[in-house]
Each structure stands twice: as C-alpha cells, then as structure tokens.
Amino acid sequence: MAKYAPNLSELKKELDEKPSILKGNYSDKEWWDLPVEFRDGNWCFPAKPEVIEELGFPNPRKWAATDQDWKLPDGWQKTISEGLRSRLKKYRSLKLFLDTCVRCGACADKCHFFLGTGDPKNMPVLRAELLRSVYRNDFPLAEKILKGFSGSRKLTAEVIKEWHMYFNQCTECRRCSLFCPFGIDTAEITIVARELLNLIGVNNNWILAPVANCNRTGNHLGIEPHTFVQNIESMVDDIEELTGITVEPTFNRKGAEVLFITPSGDVFGDPGVYTMMGYLLLFHHIGLDYTISTYASEGGNFGFFTSNDMMKKLNAKMYHEARRLGVKWILGGECGHMWRVVHQYMDTMNGPADFLEVPVSPVTGTKFQNAAATKMVHIAEFTADLIHNGKLKLDPKRNDHLRTTFHDSCNIARGMGMFEEPRYILRNVCNTFHEMPENTIREQTFCCGSGSGLNAEEYMDIRMRGGFPRANAVRIVREKHKVDSLVTICAIDRASLTPLMRYWNPGVGVYGLHELVGNALVMDGEKKRTEDLRENPMAGFEDGEDDED
Amino acid sequence: MIEKALKGNRNYWAWIASLLAVIAVGITAYNRQHWFGLTVTGMGRDVSWGFYIAQFTFLVGVAASAVMVVIPYYLHNRKEFSKTVIIGEFMAVAATLMCLLFILADMGRPDRVLNVLLYPSPHSMVFWDVMVLNGYFVINLVSGWTVLGAERRGVPPPSWVKPVIYLSIPWAVSIHTVTAFLYAGLPGRHLWLTAVLAPRFLASAFAAGTSLLILVTLVIKQCTGFDTGKEAREKLAVIVTYAGIVNFFMIGTEFFTAFYSHVPSHMHSLQYLFFGLEGHYTLVPFMWFSLLLGLGSLVVLLLPGRKSSPKWLAAACTGLVVSIWIDKGVGLILGGFVPSPLEEIVDYQPTLTEIGVTLGIWAIGLLVLTLLLKVAVSVKSQE
Amino acid sequence: MNKERREFIRKTGLGVLAGICASSAFMPAFSLEETVLPAWDEKPVPGKIRWGMLIDTRKCLNECSECVAKCHFVHNVPDFGNRKDEVKWIWKSSYEHVFPTSTQQFRTSDVLQRSFLALCNHCAEAPCTRACPTEATFRRWDGIVSMDYHRCIGCRFCMAACPYGSRSFNWRDPREGIKLASVDYPTREQGVVEKCNFCSDRLVRGLIPACAESCPQKALTFGDLNDPKSDIRVLLESNNTMQRKPELGTKPSVFYII
Amino acid sequence: MKKILIPLAMVAALALVAYVGVEYLKLQFIFGVVIPYAAAVLFVAGFLYRIADWLIRPVPFRIPTTAGQEKSLDWIRRNPVESPHRAWEAAARVLSEVLLFRSLFRNTRAELRKDASLAYASNKWLWLGGLAFHWSLLVIVLRHARFFFAMVPGFADFLDHADSFFDVTLPAFYISDAIALGAITFLVARRFFDAKVRMISLPTDYFPLFLIGGIVLIGVLMRYVVRLNVMPVKDLMLQLMNFGFDPPGEIGTLFYIHLFLISVLLAYFPLSKLMHMGGIFLSPTRNLCNNSREKRHVNPWNPDIKFRTYSEYEDDFREKMKKAGLPVEKQ
Amino acid sequence: MRINKTILTIGLPALLMFALLAFFRQSGNAVESPKAPPAPVTVDSTRCIAQTEYMRANHMKVLHEWRNSSVREGNRVYTSPNGSRFQKSLNTCLGCHSTNRLFCFNCHMYANVRPKCWNCHLSPMETP
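Chains as they are written, first to last, in the numbering used here: chain A, 1 to 549; chain B, 1 to 383; chain C, 1 to 258; chain D, 1 to 331; chain E, 1 to 128.
Hints listed in this document are in silico derivations from the structure and should not be mistaken for laboratory results.
No residue lacks a Cβ here, since even glycine has one placed at the ideal position from N, Cα and C.
One thing to keep in mind: the hints can contain errors.
[Unchecked claim] DSS-like cross-link-like pairs, simulated, lysine-lysine; straight-line CA separation at most 27 Å: (1) D:Lys306 x A:Lys154; (2) A:Lys89 x D:Lys306; (3) A:Lys328 x D:Lys114; (4) A:Lys254 x D:Lys330; (5) C:Lys84 x E:Lys61; (6) D:Lys323 x A:Lys254; (7) D:Lys306 x A:Lys23; (8) A:Lys254 x D:Lys273; (9) D:Lys3 x A:Lys161; (10) B:Lys162 x B:Lys311; (11) B:Lys380 x D:Lys124; (12) B:Lys79 x A:Lys480; (13) A:Lys23 x D:Lys323; (14) A:Lys480 x B:Lys235; (15) A:Lys480 x B:Lys311; (16) D:Lys322 x A:Lys254; (17) A:Lys480 x B:Lys374; (18) B:Lys374 x D:Lys322; (19) D:Lys3 x D:Lys273; (20) D:Lys114 x B:Lys162.
[Claimed, not checked] Cβ-Cβ distance ranges computed for the label pairs, FRET-style: (21) D:Lys322 x A:Lys48: 27 to 33 Å; (22) C:Val45 x B:Thr146: 54 to 60 Å; (23) D:Glu250 x E:His64: 52 to 58 Å.
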C-alpha cells in the first residue's frame, strides 16, 4: 500500500491545509486550463496486449499512462466521434444527459472522489463536461456558431488523457444522479466514455483481465472448474471443523430446484469466503435443493465496466446454464454491480427466461412476484422471507463480539432500491447495530471508492481518497458507538473496504451479511460453537469452551 | 432538515391531516370575512377589537416565555435545559407567527399591510410591535434552526449564533413590553392606562407561556417518547409558580387602585368584568372562573411534591394557561372597551366566522410548531 | 371605429359592465359638478390656521337633526340601521354620554333633557394620529385631523385611542348602506376607518361645514381659532364654554356653550 | 470574469440593437411583427424538433435511480414515489420533480472540517431559489395573457388578481415581479460567489440569466417607472395572435427592447440548455418504473452477441472437470 | 414498429400544434381584431392638463400625485405648463370626460386593468 498511497497523516494534512474549491477557495484558472498529471497511485495499469488480443479488442500494445505518447491508433479522433455519434443514436439517456445539464452545481459536492481529492474535475458536472465539451463542438450546429461561448473544445490527445483520468475516477455509483434535478446520471456518461476509450485501446487491466478470465473460465478470477470445486470443498471442511456439520453443496447438478450464483470473490477471496460459508450453512439449515455451476461461476460482471456488448456476453451464461441444468429459478448471492446488471439489464439483454418458473421459496412458499420476469431472487430477499416466517433458528448473541454498522452498496441502493431486507436480517442476527450518519446511508450512501473495476493495488491513492467519505462516516459511528464491524452485501465492498478501513479506521473489520447469518444459525446436530466463521472467539460463549476442555 | 417533518407514523399524519382540515375551515371563514368585511365578526363600533386581538395579546406572552429556558441554558449554562431550549425557541416561533396572523386577520385592509413599512411611523406603538415581532420571529427561527442543524451534523454551531441568542433575551422582554404599551398609552381606556400593565404582561407571560412549554414537553414525551427531562420541567414549574404569584399580586393592586381611589371611570371596567355593570353580566362567570382557577393552580404548584407528579403538573399548568388566557386575552381586551368612552355598555360575542378564523390560525400555529418540533425531536433523538 | 369598439366591449365585457351599472343603480341622475378652483390657490402655510367649532347647545333643538342628515348625506355616510356596523360623523347624544367625566350632581333638568352634538374634536394633541402606524390619519396644516382613506390599513388603533368615540370603521361595504348618494364626496371602501373631516372638501370651495350651514338655529359657529377677530374667537371670549374631557390634554377644537 | 462580462455585454448589445433599430432606423415593423413571428416559429419548431429528436432515440434499459425501497416482499413497506413500480407512480415522481424540484430538495452542502472530517449540512437555498425563479416566471408569463387574449382566460385573470394583492403602487404592484428579480439576483450571485459553481459556470449559463433578468427588469421599468400606454401594445399582441401584418401603433422604444429580448430568448431556447424544460419529462432515471425484474423491458436494438457456451467451456475443461468429479455432458 | 413510433412522436405534437393554430385562427375570426380606442371626440384636449398621449400612459401617476399633494399637503392647484390652472381633483377630469360614459372603461376593460378607484370615486358610468 505504501508505494501507491500517501501515509495517512500526510493525506490528512493535505485535506486540512491544501486550499480547494470544496472549502470555498476560488480557483484562479478555468477548468479546461488545469493540467492532467499522472503519478504513482492515480492510474490503473493498462491491459496487457495478450488480454486485449484474447478479447479481440483494438490497439493491443505496451504503454503506461505516464507515457508522453499513448500510441493511439491512426484516425482515433474519427473512431471516437463516430463511436459517440452511434451511441447517441442508441441511448436517449446519453443524448438527454449531455443536452439538459444547466450546471446548477447540485451534484458538485456529492461525489466521493471530489470530497476525497478536491479535484474540480471530479465534480460530476465537470466530469460530464469533459465529454460534453467535445460533444458540443462536434454536434449541434448552433452551438458551433457560438463556439467559445458554450465551452466547446477540440478533441485532442490531452482530452483523451483527461477522459482516461477522470472517467476512471468515477465508480458509476450514481450518487450525483440522486441530487440532480434532471436525474442526469454521470454513470451513463462514464459507461459510454469508457466504451469509447476501449475503442482506441485506452483501458484498464484490472477490468479487462477479469473480463477475459470470465469469458474463458466462467469467473473473474480465472479459477478453473476443479479449483473452484476444491475451494468450496475446503470451506466445507472448515465448516465441519467449526460446527460439526457437514454441508453438501453440489456442482453442475441437473434437476436441482435452484441455481445459486454468487461473485467469485466469495469463493476465493478473504473475507468473501466467510460469506460463502454463511450461504452454505443457510442452505443446509433449510435443506435447499440447489446447485452451484462452475461455468456460470461468476455473479459479477466486469463487462458492465467495459462495454454494453461485453456485459451482455458475460451475463448470457447465467440463463444459458440455468436452462441447461433445468433448474426452476436462480438465487443470487451478495453483490453490488452484479445486482445492478441482473436487476436493470439481464432480462432486457438475455431474456425472456421462459424456461424458468416464477421463483417460489420452497421453505415458506412465498412467491417472489417482484422477480416474475427475471426469475432471479436476491439472497437478502430470500433470507428476510425465511426469518419473517420463522424458518430459521437464530441466536443473535453469537454475534455479540461484533458491534455492527451497515454499508449500503451503491448499486443495490441506487440501482435496485433494496434497503430494508439487509437491515431486517442484520437486526435479527446481531444485537448491536448502529446506522452511520443520515446523509451517508441508504439512497445517499457513499461508494467504497473502488467500485466499477478500480480495485487495483496500483490505484491505492485514489481509492483511499475516494473511500474517505465512507470511512469518515464509519469513524463517526466508531467514535460514537464503538462500532467495529462494517457489514455489507457486496463482494467488491468486502474486498475494497478492508484496506480502506485498515487505512482510515484500523480495527474495523468488514463482514458479509450472510457471514453473520452463518454465525447466528443454530444448526441441528451442531457441536458447541465458541468461534465465529473466522475462528475468532465469540463473546459470552467462552465458558462453554472451558467446560468442554 | 425540514424533510424530517415529512416522515412520520400514522398518528403523526392523522394529526397533520386534522390540523389541515381545521386550517381549511379557517381559510373558508377568512374568505367570508375578506369578502363581506369584518361585519361578519362580533366586533362593532363600540367594541372594535375582539377575539383576534385577545389571542394576539395572549400569544405574545407565549412567545416571550422562550427566555425562561434561554436564560438558564445559555446565560447560566444550566445543562438540564439542553433539550428544552429548542422547544422553547420553536414555540416562540410558532406563537409569534400566530401573533402576526392574528394582527393580519384583524386588519380591515390586509392588502395594505406593507404600508406599515412604507410609511414608518415611530410615534405609533403598532409600528414598533410589528418590528419587534418580526424580529423575534426571525431571531428564534434562525438561532434555533442553526443550532439544531449543527447538532444534526455533529459539529459545533457557528460562532455568530451566540450573540443572536443573547439578543433574543432583551428582545423577548421588548415584545411584551411594546405590546403592553399598545394599550397602556391610550388616554381614554382606563383599564389599560396603568403603568403596571407591562410588568403584569411579563409576569403573566412567564406564567402562562412557561406552563404551555411544560405542557408541550409532556405531550412530546407522551407522543414520541422524547423526554426533555424531569428536572427541567420542575425548574420551569418553579418559574411558573412565582410568575403566577406576581401576576395575581398585580391584578390585586389594580383592584386596590381602582376601588380605594373610588374614581368611577377606573372602577367601571373592573366592575363590568367581575361584578357586572348596569345589568350586563356576560363576562362575570368567566372572570371568576379564571381567577379561582388561576389561584387554585398556584396552590397545587405550591403544595409540596405535586410538581413532580406529571398529572398534577399538567393539571396545574393547564389551569394557569386557561386562567391567564381568559384574564389577559378576553378580559383585558373587552374590559378596555366596556364601557365605551361615551360610558355606554355594549356586549361582545364572537361569531362563528370569527371563531373559525381563530381556530384556523391556531391550527396553522400548531402545524408549524408540530413540523418544527418534529424536526427538533428527530435530530435530538438521532443515533 | 368607435362603433366597432363598442361592439367589441358589448361582446366581451357585458357581464362586467352589467356589474358596474348595477352598482351605480343607486346613484341618482345628476350631472357632475363643474370644476371650480379652490378657495386658496397656494400651498397653505402649516399652523397658520386652526379650524374650530363652537356649539351653542342652548340653541340646539331637541327634535331637529338637520346637521346630522346634511352631513351624512353630503359625505355619503352609510346607514345600515344597526348599532354594530354604525358609521357616524356627527350625532346627538345625552349630556352624560357626551361629557361623561363632567357629570355633576344636581344638573338642571334642562341640561339633562337637552341633546348634545358630538363629532370629531380635531384635537390639537390627537391620540388617534399618534396611534396610527401609517399616518393614514394625521393633523393637517389647518388643524383638521384628516383621514387618508387610501392609506388606512384598518387596524382600528385610532378607534381604541380616540377618547370621544368619534371614529367609525367600515365593517362592510358602505355603498350598500347609502340610500341617497351625493356627488360632492366619494364613498369609502370596506375596511377603512372614517370620521368627520370638518368638511375640508367644502372648505376648499370656500364653503363652511355642512352642519353649520344647515343648522336652522345657527347654533354652530365655525372659524379660525388662531384668528383673534374671528366670530368663533369672539364668541369663545364672551361665553363660558367647555371642551369634552379636557383632563386628557387632547386640546379639542370643538367647544360647547352649555 | 470574462465569462460573466461577455454574456452581460451580449444582452446589452441586443438591447442596443432594438433601441437603435426602433429609435433611429424606425424599424417598428421589423421589431414588432417580423422578429416576434420569426422567433415564435423558431421556438415552436425548434422545441418540437428537440423533443422529437430525443423521443426517437430509444431507451434501451430500465435505469431509474432508485431513491427508496423497491417493491419486494409484501411486508416490507415500499416507497412508491422514490422507487416507482407502476406507471402512475413514475408519473408522480416526474411531476414531483417538475413542480416541486424533489431532487433539489434533498440537496446538502459538504463541509470539509478540521482534522479531515466531513459533515453534510442541509442546504435548501438552491431549491428555494430555483423554485421561486421558475414559479414566478410561470406566473408572470401566464398573467401576460391579458395582452394576448381579447377575453382574458379565467385562471390568468385570477393569477393577475392574486399577484397584485398588495395595494402598494399604481399601477398595482405584482408580487411575482419582486420574487423573480430577487431569485435571478440570487442565482447570478450564487454562480459568482460559490467557488464550485463559479468554476463550472459557462457563458451559456450566465447569458439566459442576464437575458431573463433584462426582460424582467425592462418589464418592471415599463410598468412602474417609465409607464407606457398599453393600448397599442395590446393591439399589437392581439394582432400577432391573429397572424396579422399591420404595422404597430405608437409604442415606446422600451417595449420593443422588451419584445426583442423575448424574441431572442424564444429563438435561443431550443438551441440551449433551456431545453431542460422539455428534457426533465424524459429523463430515464426519473420517468421509468423500477420493476425490471417483474416486467420485461425491451431494447429495440438488442445486439446479437455470441457468448461462450457451456459446450465450448466443457470442451476446454472436460478432463479437469471429470477429475474433479463434475458431471459432463459429453464423455 | 419503430417507424410507427417515430411518426407518432413527430406527428402527435404536430397535430397538437395544428389544432392550436386552428383554434387561435378561429377565435380570431370570431372577434374582429379590435384597435386601440380613438381619442374621444368630445374632449377638447387643448383644455386637458396634458397631451393625450401622456395622459394615456400616465393618468394614474397624475391622479396618484394629485391625491397625495392635495389630501396631505393641501396643495390643491395644478398649473399646467401652458399656464392653465386646475383643481387637483378627479372631478376636474370627469368634468370633461364624463360625456363619454365608457371613457374609463373602454381602455380599462380592453387591457383588463381593474384599479380600485371606482370603489369610492364616481366613474363616468355613474353620470346620466
């Protein structure tokens, strides 16, 4: 971390002392005169040529953002302007959002990157202006006449550098969109800008490598089927050791009732694996007839951060696999952007899923009418329904060693609208839950700072700054209520909040919601539990441990 | 922050809806008055002020009583008032707003209200009253809102608020003094022409306004579970007791001056109010009820231990509020007009329209108070 | 052109016009008065004149109310027939009502039976002008306490301040209470206060107040109190007179011979 | 500074054009009849074109910004306006944006305080100023109906009456005039004094503000200060409404400046950010239902993408899968 | 399908526009386009206090100023630039203008301006 991020006291000093327009210091320059500077920690490594080739993307080459010459392909200006033109035809949202902004500034201080960096171009309105200024120059006739009056500018290599910088300092979290009086969603603009950049080979390895992996092996991490199974089986062993219960997940099994898909981070990464153990315990507890696919082994979709086509391509596997296995419906694990894709895009892109049935919980009989078309249920909805119907034996005291707060992941909050279910579950599985301050939760939640494929190690500087508003909110509940556990329902959050907390709020752990469910579940035939899924001692259960010894 | 007032449970919205219904009645009634003129009220040539001005006078007192929490909290740093002080300030805001609305409702030509500012007349007490009331409204709203806003986001309030809050203390005294001067400076009205009127207003304000404040805190506790603290309430009850005693003492001195001097014109109004004059007895039962109720409430407050029982406290406070509302609102205003300068007696009775408008304005005041307190309680009880 | 225009008005505004005509229905047929130049043609010097009135109550006939009728007709004072909405500029009342603080024991029965005229006293120290928040009522250059109906906000503070009950409020639209209208003076609007103006509208035309003019007994003497040679001053100096409620220090300009 | 002065100078120059044109060149007919017609045509045609131009572009995905609980389990209270599930709920959402500026109501101001801590202050001034600005302008436009119709429509008459409630000046003082001028001042001042907004503001942001400000100011001048005879103005307006081409009567130059600036505003409207007036109704993040899991949304250009099928995958990993005990389709 | 949509999106507003135009045309035909009222012939404008044009635009200002100066200051005489003297009174105006009963209302109705003057003061309508 040290190499790519300033140490905390330096960053704090900078936030305290450096003048910025966030603090009301006027800038003496116009935004288009501000230079773009790439330095350690503020750019992601570009995709390796072999990855580009594997994906069939244009302009594979070795380059770095710090290079003077980015080796853009011949005629790149034309590629960009034609790319933009065709996308304007395809998306009303893009055209409308480029046209209707009045620059009222309501969004200005809503972006976590702006709050963390103080960089004016991180005000969502200016981020969009980066593209808008070029659009205005190339498109509507009248504005062309009024050039210089409307802030139009030419498309130059400098502009591309600026795009690369700032459209990769946007996590498509949509917080700005919430406050915009016209609902202008910078995410829509960032999505298109990143598509355009990909057209001329300006890209991000941390996004494209997982995309290539996912295409080939079925998941972002590139885990091949046998390793995938081994990983889960080692979790099964851990679970047996901790609880004395043998859970029995099945793989690629035809005829199961439910296909379970979760981000591969839950299978491979710490602390996601504990969440996975939670799922396995839960499914065992209720005796769910489910299977896990090694082919559709990824819930997340980095295609979403690449291009519309790529998103569709990666997503197509879910329905394809569900049809092949003949399941009735799909259950999805905890993930942020996975659910944005499933909720808002999947059925449109790869539906209709006529071969599936409207999901019905086999335990409670609840029909998930809200998933009648997609046929895919969110695990939090599923579990909340179980708890509400009293189908789970829970002992919230088992989470007494944790004082929790809940982080709404941006996609689940503003791209799906799920707020109550996870809170309901959390209140049922643990006894101490405190909300963070009101302007930082629910629909106003702050991004972890590393979403949308920016979770790269070399990007640590920007990530720690972008996560600052979230970390600051956690700090407040930590000081006020001694909160030490940040619960979330997003795989990227689990991966990215962990270093963020280590950086800003050491001592705060990051947990998946179903990890806490797994802790609290009282399983039939289990042995005396004294440790949570992380093998940390539970509070208040030590006596039992002594007895056993 | 006001968005907090837009979130509430079923009871909250039912309360808001019923207030809105009453406001609608009030608007309808006012519309009638605006169209047909003030003839639709009970006022007339001889009793030319009535219910509206009575409510106004009473509510100025309610507004002024905010200092009874501001002084101990900000001047003497008594922490037990920390939760009550915002309620006092917001009550002052709502009460001042009602005062202004009652003045407006009483005006024959509300469309010309801006004339007061366009042709400022420093020799007129009304001009000063409009100034101090608007000022008090702004001071309390701004200071209360700012302090609450700072508390909501967990930061210290900006430094400019302190002077504004200190300013509110003499300002509170001024609103009631100027209001008393409205009456006390008129040559032909013997009931009002007394130097003790301003101090009497202040005493009754600190008794009735503070009682109302105690009642509001009790209602909040009942409805939201937000408790401003027993200690604060009991301290306020002490203030109520002494202010009440001073108030009744001053009423007594008025009686002495009038009846011992035996000047007929000085006695007439008091005779009309308390004993009836020339066959007119309309207000006599009300005035005695007020007097006995007020004294009874004071006795309850003075009895040991009764203050700490919420029920007794609520009863005594309600008693004092009603007593002073009758005495200072209705009695004082009507008593000033009867007998008239020509020694004629004309009884006054509010009409339904007048009562409708009055209820409407009270409902507006309660609505504003509810919204403000909803915000305050939401902020104060946030995690 | 004109015809077209009228045609248009007829088509578009018949309703509005009808309304206006209806409201004017109570107006008798008459022609407007010729424009007359005022009795003085310069801006008056403040304080030079102070108009006053002396009422010789001995001459006043109990059954006569010519002055009241004339005044109220000339100034379009409405009559609604009830006390509550009553508007009056000048009226007759008993001794103990007009002089409540001067009632003494054992008055002659003559005085007790006599009726007394009451009207605005046009006080030199008027409490009403002090109370008015907009200077809608003010003391003019010639001592008349005047009302500016265009500025009055209808707060009725002047009514509370007036110790003589001389002020009336338009509780309702006064035009409804005018049976016979005069063109010499405008009507008032609902919601403003009005009172005797000492016929400032007539003074400007060189006429004396309507009440004084109409009195068959010539009981009312009007004149300049600042002019020692004026009739009123001569009478004041040769008679024992009194003012209403002199103890209040309002210095009324209306005097009574009892 | 330049980006403020240039639009200001532009508005002044436009006013000067009308002044010179009418006062010296006597082009009353051009400024009173020709230009207003041209501007109206440009406005209507341009506005419709821009709307149509948006409408013909598809909305491939259902992307509402969800600001409240979606419809899920029956016992979970959902938020029908912030996360609309039915069309009328989405319509209510759009209307709440259009009429009440719902999203701006949420506005906060981030404060970076000492010791690197953030606080979010409730900040509704922009909401209030914007609301005051738009509503007062709407009222002003509607009550101008008295110039455009021989018989004034009832609601415009009512608005006129309510707007001139206060009996202050002659001719009657309009409350909306004061509010509009105040709001414009606030919006300009905000662009100038707020460091963030100053940076994002372009000349195109100041220009319409100054233009509208100029129009209102001249209107106020005409009504309360200079005083024009409104008879020929109404003649002209009625004629314009009837598509006549008679030369206008004697009207003060100020009126022509007022009319010319309005014409410029009308013509400029479809070319500029002012089109947000139409755009707000079409915003896909606000006008779509959040029910994409329940009802299928169709993308008219849904591309046909070849994805890696299971059989291709199995072909690659068959041996490894078999070793791991995974079932395979082909042996 | 898409073409239909396009036609609909352009066609509908166009239709609406056409309907609006038709409506205005129609309403225009119903009433002949009225002109500003001509100066009433019966008025001898040389005797008026000012030029007709000035009075048309500023009569309210004149009346307002007259009222203030006469009622509050006793300044009752107005001397016009050509030396004629008038009493500052609405009656001065109506002395001439009452011959046309629609004198005020012609324009005031045309412009839909309803001041409160006539609530108290006589209008030409109220003369025989």
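Right, here's what the structure says about each hint:
{"no.": "1", "hint": "D:Lys306 x A:Lys154", "result": "violated (36 Å)"}
{"no.": "2", "hint": "A:Lys89 x D:Lys306", "result": "holds (23 Å)"}
{"no.": "3", "hint": "A:Lys328 x D:Lys114", "result": "violated (56 Å)"}
{"no.": "4", "hint": "A:Lys254 x D:Lys330", "result": "holds (14 Å)"}
{"no.": "5", "hint": "C:Lys84 x E:Lys61", "result": "violated (38 Å)"}
{"no.": "6", "hint": "D:Lys323 x A:Lys254", "result": "holds (18 Å)"}
{"no.": "7", "hint": "D:Lys306 x A:Lys23", "result": "violated (50 Å)"}
{"no.": "8", "hint": "A:Lys254 x D:Lys273", "result": "violated (56 Å)"}
{"no.": "9", "hint": "D:Lys3 x A:Lys161", "result": "holds (26 Å)"}
{"no.": "10", "hint": "B:Lys162 x B:Lys311", "result": "violated (36 Å)"}
{"no.": "11", "hint": "B:Lys380 x D:Lys124", "result": "holds (21 Å)"}
{"no.": "12", "hint": "B:Lys79 x A:Lys480", "result": "holds (20 Å)"}
{"no.": "13", "hint": "A:Lys23 x D:Lys323", "result": "violated (62 Å)"}
{"no.": "14", "hint": "A:Lys480 x B:Lys235", "result": "violated (30 Å)"}
{"no.": "15", "hint": "A:Lys480 x B:Lys311", "result": "violated (36 Å)"}
{"no.": "16", "hint": "D:Lys322 x A:Lys254", "result": "holds (16 Å)"}
{"no.": "17", "hint": "A:Lys480 x B:Lys374", "result": "holds (23 Å)"}
{"no.": "18", "hint": "B:Lys374 x D:Lys322", "result": "violated (66 Å)"}
{"no.": "19", "hint": "D:Lys3 x D:Lys273", "result": "holds (16 Å)"}
{"no.": "20", "hint": "D:Lys114 x B:Lys162", "result": "holds (21 Å)"}
{"no.": "21", "hint": "D:Lys322 x A:Lys48: 27 to 33 Å", "result": "holds (31 Å)"}
{"no.": "22", "hint": "C:Val45 x B:Thr146: 54 to 60 Å", "result": "holds (55 Å)"}
{"no.": "23", "hint": "D:Glu250 x E:His64: 52 to 58 Å", "result": "violated (24 Å)"}
Comparing the model with each earlier hint shows violations of hints 1, 3, 5, 7, 8, 10, 13, 14, 15, 18 and 23; every other hint is respected.
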